[in-house]
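Once you've looked at the hints, dock chain Y against the given chain F.
2 protein chains.
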Amino acid sequence: MKIVTSLNDLFDERAKLTEPVGLVPTMGYLHEGHLSLVKEAKKECKSVVVTIFVNPTQFSPNEDLESYPRDLERDTNLLRSEGVDLLWIPTSEIMYAPSYQTWIEVTELTRFLEGQQRPGHFIGVTTIVTKLFNAIHPQKAFFGQKDAQQAIVIQRMVKDLNYNLEIKICPIIREPDGLALSSRNVYLNHAERQAATVLNKSLNMARQAYKDGERSSRKIVGLIESIINKEPLAEIQYISCANTQTLEEIEGDITTPVLISMAVFFRKTRLIDNIVLGG
Amino acid sequence: MKIVTSLNDLFDERAKLTEPVGLVPTMGYLHEGHLSLVKEAKKECKSVVVTIFVNPTQFSPNEDLESYPRDLERDTNLLRSEGVDLLWIPTSEIMYAPSYQTWIEVTELTRFLEGQQRPGHFIGVTTIVTKLFNAIHPQKAFFGQKDAQQAIVIQRMVKDLNYNLEIKICPIIREPDGLALSSRNVYLNHAERQAATVLNKSLNMARQAYKDGERSSRKIVGLIESIINKEPLAEIQYISCANTQTLEEIEGDITTPVLISMAVFFRKTRLIDNIVLGG
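As given, the protein sequences belong to chains F and Y, one line each in that order. Here the first sequence is numbered in this note's numbering, starting from 1 and rising by one per residue. Here the second sequence is numbered in this note's numbering, starting from 1 and rising by one per residue.
So that you can see chain F by itself, here it is in the shape it has in the complex (with noise of 0.2 Å):
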């Protein structure tokens, strides 16, 4: 697996991988959810190349840039290990340097969820994944599901700006009692770990209730928050119904596939977790 930082060592190492190049881009500190996407990619492609950045421009002035966590050498043994090409792992002055003055922006489907609670996310997130697409140049990229609006906006993106590019989007991976893998777990301690369950489990009474016929989008999101509720270190900050094609708030019945999405707090740690109904 070769490693490079600078842009023009990445272009040169880039030009001798065979084709098709599939791209797994990552903020680091790997579980199983990345290795499952890299895992695709080598099933699917000639080539992986996988990125490591974590990406200054995603994170809101009040979030987690710096303690967010790094493990630089386990998470070059484990690529290793898979089989990866060529590591990029590229410093914050090459992607942004001091004139940098250039965004890519998504402007509806980023207005709703995440978008919306965290201002300028999304702005960051395409940027630069566009830069990422840009100087690899992949003709396949993976992402996971875990970060549902990420996963629409980019294929929006990437249809718009007329890449010549397929993007996976892979299933959610989740440990033994349901939590879905997240590096942001790290921050939680025991009794807040346990408590975070509660996230999968409403989840899965909200598929059993539309399994059970329940097509009201407010029944079902009051289901979920009922749930979610009776856990004291659980903190709502927001629970969706949303239309899978524009991310619009579901008012009445459930009649095209929709997103279920959730941002809740365990004390000072944030989770997301989806699912998919009538998709």
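Don't take each hint at face value.
Pairs involving identical chains hold if they fit within one copy or between any two copies, as the list cannot separate such chains.
[As the list claims (entries may be wrong)] Okay, derived cross-link-like pairs now, PhoX-like style, lysine-lysine, Cα gap no bigger than 25 Å in a straight line:
{"id": "1", "residue 1": "Lys-219", "residue 2": "Lys-201"}
{"id": "2", "residue 1": "Lys-159", "residue 2": "Lys-2"}
{"id": "3", "residue 1": "Lys-16", "residue 2": "Lys-159"}
{"id": "4", "residue 1": "Lys-159", "residue 2": "Lys-146"}
{"id": "5", "residue 1": "Lys-168", "residue 2": "Lys-146"}
By construction, these hints were calculated from the structure, which means they are not laboratory data.
What follows is chain Y alone, placed relative to chain F:
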């Protein structure tokens, strides 16, 4: 010369081209300025792609989108004669589907000059150029010095967005009497056409003054202004002497390379022209 409309046909034909591929993006109604870009691309690249698209998003509502001159048959014949390999003529529906919502903005360099006079113009330019770059994936792209700020903005964008792509800026092509070639020159009646030569004359006077040792930005701009103001059909929108790197206006003496640029109305027709001094 292959001519394609749809994005999928473009992808298919692009895949057959020998690299390096050179791109010349145009809005059609081609003149010797455009053809000089094509000739340069032919010289430097194995394959040449030209695009013709009158991009609606770079026109303000009060501008000349509807009346912008078009002559696809003549354009096609000219490009065939030049030995162009692939001509892409997308429709507005292909470029901007109803759900379209992704925009690229270069924030600082676009605050001045054309960007100041034409709000939203450069968002349209950088967005469409990004779309062309992504669809065609050229190794080199050719732009004219006539649109000096556009050239500087696109170079900044290419660097910021990590494109592995060389931008070549080719010199302004002029009529024998000095008028810079522009598709919009066709709007000029006989008297306006005669009057419009004042732009190049004033720039030549400025160049001579600089050669003779004049370094005051204010005096050079004043000289140009006084020459143009003697022409009754001309109405100045702006005359600028700006740093070629930042496009910030030079207030005192000229000590770095400067872009002397202007926008002048000849009745309803707005023309631009420029020179670089000290470059």
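Each hint tested on the structure:
1. Only within a single protomer do Lys-219 and Lys-201 lie at most 25 Å apart by alpha-carbon distance; the minimum there is 16 Å, versus 74 Å between protomers.
2. In this homomeric assembly, Lys-159 and Lys-2 come within 25 Å of each other (Cα to Cα) only across copies, at 24 Å, whereas the closest approach inside a single copy is 31 Å.
3. Taking the shortest alpha-carbon separations for Lys-16 and Lys-159, only the inter-copy value of 22 Å comes in at or below 25 Å, while the best intra-copy value is 27 Å.
4. In this assembly of identical chains, the alpha carbons of Lys-159 and Lys-146 lie at most 25 Å apart only when taken from the same copy (21 Å versus 32 Å across copies).
5. For the identical chains of this complex, Lys-168 and Lys-146 are intra-copy neighbours only, at 13 Å inside a copy versus 42 Å across copies, given an alpha-carbon limit of 25 Å.
Hint compliance for this structure: no hint is broken.
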